[in-house]
Amino acid sequence: MEEKVNISIDFAGIRLGNPVFTASGTCGYADELSDFMDVSSLGGFITKSITAKPRQGNATPRIVETDSGMLNAIGWANIGLDAFVEEKLPALEKLSCAVFVNIAGETIDEYVAVAERLASSDAVAGLELNISCPNVELGGISFGTDPSQVAAVTSAVKNVVGDKILMVKLPPAVTDVSVIAQVAVDTGANALSLVNTFTAMVIDIETRKPILANATGGLSGPAIKPIAVYLVNKVYNEVTKSLGIPILGMGGIRTVSDAVEFIIAGASAVAVGTANFVEPGCAVKIIDGIKGYCASKNILNIKELVGSLEVN
Amino acid sequence: MSEKCSAAKRGVYWATVCGNKQIGERFYRLGLEFSGAGAEAFAKIGAGQFAQLDLSETALPPADKIPDELADAAERKILLRRPFSFVDVTTKHNKTSVDILYCVIGPGSLRMTSLSAKDTVSVIGPLGNGFWVPDGKKTALLVSGGMGAGPLQHLAKILTADFRDINVTAFAGAKTVEELPFERQLDEISQQLGFWLREFARYGVESLVATDDGSSGFAGPVTDCLLEWLGKSDSACESMVIYSCGPEAMLARVAKIAKEKNIDCQVSMERRMACGIGICQSCAVECKTDRPGESIYKMCCTDGPVFNSKTIVFHS
Ligand SMILES: Cc1cc2nc3c(=O)[nH]c(=O)nc-3n(C[C@H](O)[C@H](O)[C@H](O)COP(=O)(O)OP(=O)(O)OC[C@H]3O[C@@H](n4cnc5c(N)ncnc54)[C@H](O)[C@@H]3O)c2cc1C
Ligand SMILES: Cc1cc2nc3c(=O)[nH]c(=O)nc-3n(C[C@H](O)[C@H](O)[C@H](O)COP(=O)(O)O)c2cc1C
Ligand code: FES
Numbered sequence: 000m001e002e003k004v005n006i007s008i009d010f011a012g013i014r015l016g017n018p019v020f021t022a023s024g025t026c027g028y029a030d031e032l033s034d035f036m037d038v039s040s041l042g043g044f045i046t047k048s049i050t051a052k053p054r055q056g057n058a059t060p061r062i063v064e065t066d067s068g069m070l071n072a073i074g075w076a077n078i079g080l081d082a083f084v085e086e087k088l089p090a091l092e093k094l095s096c097a098v099f100v101n102i103a104g105e106t107i108d109e110y111v112a113v114a115e116r117l118a119s120s121d122a123v124a125g126l127e128l129n130i131s132c133p134n135v136e137l138g139g140i141s142f143g144t145d146p147s148q149v150a151a152v153t154s155a156v157k158n159v160v161g162d163k164i165l166m167v168k169l170p171p172a173v174t175d176v177s178v179i180a181q182v183a184v185d186t187g188a189n190a191l192s193l194v195n196t197f198t199a200m201v202i203d204i205e206t207r208k209p210i211l212a213n214a215t216g217g218l219s220g221p222a223i224k225p226i227a228v229y230l231v232n233k234v235y236n237e238v239t240k241s242l243g244i245p246i247l248g249m250g251g252i253r254t255v256s257d258a259v260e261f262i263i264a265g266a267s268a269v270a271v272g273t274a275n276f277v278e279p280g281c282a283v284k285i286i287d288g289i290k291g292y293c294a295s296k297n298i299l300n301i302k303e304l305v306g307s308l309e310v311n
Numbered sequence: 000m001s002e003k004c005s006a007a008k009r010g011v012y013w014a015t016v017c018g019n020k021q022i023g024e025r026f027y028r029l030g031l032e033f034s035g036a037g038a039e040a041f042a043k044i045g046a047g048q049f050a051q052l053d054l055s056e057t058a059l060p061p062a063d064k065i066p067d068e069l070a071d072a073a074e075r076k077i078l079l080r081r082p083f084s085f086v087d088v089t090t091k092h093n094k095t096s097v098d099i100l101y102c103v104i105g106p107g108s109l110r111m112t113s114l115s116a117k118d119t120v121s122v123i124g125p126l127g128n129g130f131w132v133p134d135g136k137k138t139a140l141l142v143s144g145g146m147g148a149g150p151l152q153h154l155a156k157i158l159t160a161d162f163r164d165i166n167v168t169a170f171a172g173a174k175t176v177e178e179l180p181f182e183r184q185l186d187e188i189s190q191q192l193g194f195w196l197r198e199f200a201r202y203g204v205e206s207l208v209a210t211d212d213g214s215s216g217f218a219g220p221v222t223d224c225l226l227e228w229l230g231k232s233d234s235a236c237e238s239m240v241i242y243s244c245g246p247e248a249m250l251a252r253v254a255k256i257a258k259e260k261n262i263d264c265q266v267s268m269e270r271r272m273a274c275g276i277g278i279c280q281s282c283a284v285e286c287k288t289d290r291p292g293e294s295i296y297k298m299c300c301t302d303g304p305v306f307n308s309k310t311i312v313f314h315s
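Going down the list, the sequences are from chains A and B.
Residue 158 in numbering that gives the first Met the number 0 sits at position 159 of the first sequence, with consecutive numbering throughout.
Residue 90 in numbering that gives the first Met the number 0 sits at position 91 of the second sequence, with consecutive numbering throughout.
Calculated cross-link-like contacts (lysine to any residue; reagent style SDA-like; alpha-carbon spacing at most 20 angstroms):
{"id": "1", "chain 1": "B", "residue 1": "174", "chain 2": "B", "residue 2": "23"}
{"id": "2", "chain 1": "B", "residue 1": "94", "chain 2": "B", "residue 2": "115"}
{"id": "3", "chain 1": "A", "residue 1": "284", "chain 2": "A", "residue 2": "36"}
{"id": "4", "chain 1": "A", "residue 1": "240", "chain 2": "A", "residue 2": "310"}
{"id": "5", "chain 1": "B", "residue 1": "76", "chain 2": "A", "residue 2": "201"}
{"id": "6", "chain 1": "B", "residue 1": "287", "chain 2": "A", "residue 2": "78"}
{"id": "7", "chain 1": "B", "residue 1": "76", "chain 2": "A", "residue 2": "254"}
{"id": "8", "chain 1": "B", "residue 1": "76", "chain 2": "A", "residue 2": "203"}
{"id": "9", "chain 1": "B", "residue 1": "76", "chain 2": "A", "residue 2": "67"}
{"id": "10", "chain 1": "B", "residue 1": "76", "chain 2": "A", "residue 2": "65"}
{"id": "11", "chain 1": "A", "residue 1": "52", "chain 2": "A", "residue 2": "109"}
{"id": "12", "chain 1": "A", "residue 1": "52", "chain 2": "B", "residue 2": "297"}
{"id": "13", "chain 1": "A", "residue 1": "208", "chain 2": "A", "residue 2": "198"}
FYI, nobody ran anything at the bench for these hints, they're computed from the structure.
Assemble the whole structure, with the sequences as input and the hints as a guide.
Rendered as structure tokens:
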């Protein structure tokens, strides 16, 4: 039965061998993971956020563990666009899975410059737009929390990416995630990914100071999974289902059943993030497990599972 | 080892516990055994390299074995692996045994105490770059603070086995004698001969002890003990190398001494690590570049944890 199950998917116009990705910032530039798994066996790979210039990132501590989760405030540390294109893209081009480059910026011009250059590369299947960044031109308000900013950055990037997939990554802590999702889709996104991390804080009660040097950080890991599943289901029902736009669901995925939950909620594909730190290579196990789950439920094509939530 | 000794093939391996002995109020020595690919991967591990242990499935010790000051922290669930380096590595009959010297300070190390023979632990490693031996060295000084003593014992073993023309002396510091992570100090006669610690004496390595409160050995910081020793030594500075592992404030003082005396010095840095394999960027260490005044972040887990002390920008 299992060999008859088709878990390949159509993702915004491209064919992926399976619906499992690794999430931005949790799998480096792929070369670091090669001792632990065959990155090519993934459905898709997403780089950490790339910015126009290299970024050193924040002071330490950059992470702190919490119950069933962790906070990070890495500060978009990355080698910058030039070095990325010269040093990392050639190796990524050799991967047989779809490669998405996550891009971040502090101004719309920065997003556009990075997107334009990457869109000209054959190695890149698409871009993932990290809109959880402060807009320095607007006093540091996060792009992703303001619908007009989401529209501005999405449409500006859309203009320069040609036929590459433009996936907008949604911040979860907004009044109504569907409003942001709708704006992104209306202004050019042909896929959505959610969720990014939740802004959070851990306090050292001895010093009464935040543990992270940056004071706050993004919460990820199993702790956020039920909220992420809910948000994926909400965006699926309220925005993407009728338009046929795929969702890449993520947030706390660690096991096969976690991944299946997201797919039932409406995600066409899923990404593994924090779990890579604990079990590098677990994404590959999840691919096999999804196949096994489908077989056990007599599902021949994973498509049947997407958004199959039964509401009582 | 004149090159930086970097990891053999890194991987996720299962190890079997072969011992977990309490050697002090808060200190334990855990023995792990690898067979198959794990045995091969860990056989040649260099001193100062490390591994990431998954302790999330390990049970807490019984309530009466949990120190009062950790009772609250013990309630915390563990998600991430914990990094540990090694105090000894041996191979026999296609198996590799590694020992970890550890201190109980939080939920992970507390869980570690309940591991017992035949339990299995998932270990990612070998990771990072260990200590190396620059050319032309005749004297190696191993300077540890607290738990830093572990990897320096491993280094003492390697130096005395493979670099026989190098003279090795160890300095071990702690706040008080109770916080020295050694089983037992040697008797007075041995101490007068310069051998305080059995763990180093077994390799024929002289050792000195320093405690802040003077409860054993030199009264004062281990760095003062080192300075005093250097003052009496007639070895040429170019022929010496200092290896140091311990709290960052101590490493900073050791680095300063090394710089003033123009002695080569390597320090093992510690950072909070999520992955240990270079994918999360959490373990940044500020390092100088060739350009004056400029610094960049390097990753403790993949560029270190052992660094040339000259490159580190210390903040403490
Ligand atoms: C490369 C490397 C090698 C190591 N080798 C050893 C070893 O051989 N033996 C040994 O006992 N320990 C070693 N450590 C330290 C060890 O990893 C920690 O003691 C362990 O993670 C503690 O876990 P825990 O859950 O018990 O406590 P946690 O709850 O994780 O920590 C307890 C306390 O320590 C603080 N803390 C945790 N990690 C750090 C950090 N990296 N820097 C500063 N403060 C921190 C926390 O804020 C908390 O107050 C090593 C660390 C590194 C990075
Ligand atoms: C250490 C770390 C670094 C991350 N870096 C990025 C990043 O550079 N860009 C981005 O869009 N998301 C980043 N993320 C967010 C993840 O891609 C993902 O959206 C989030 O962690 C939720 O998934 P998880 O719970 O499976 O980790 C990062 C997450 C972590 C834990
Ligand atoms: S611990 Fe993840 S990069 Fe060093």
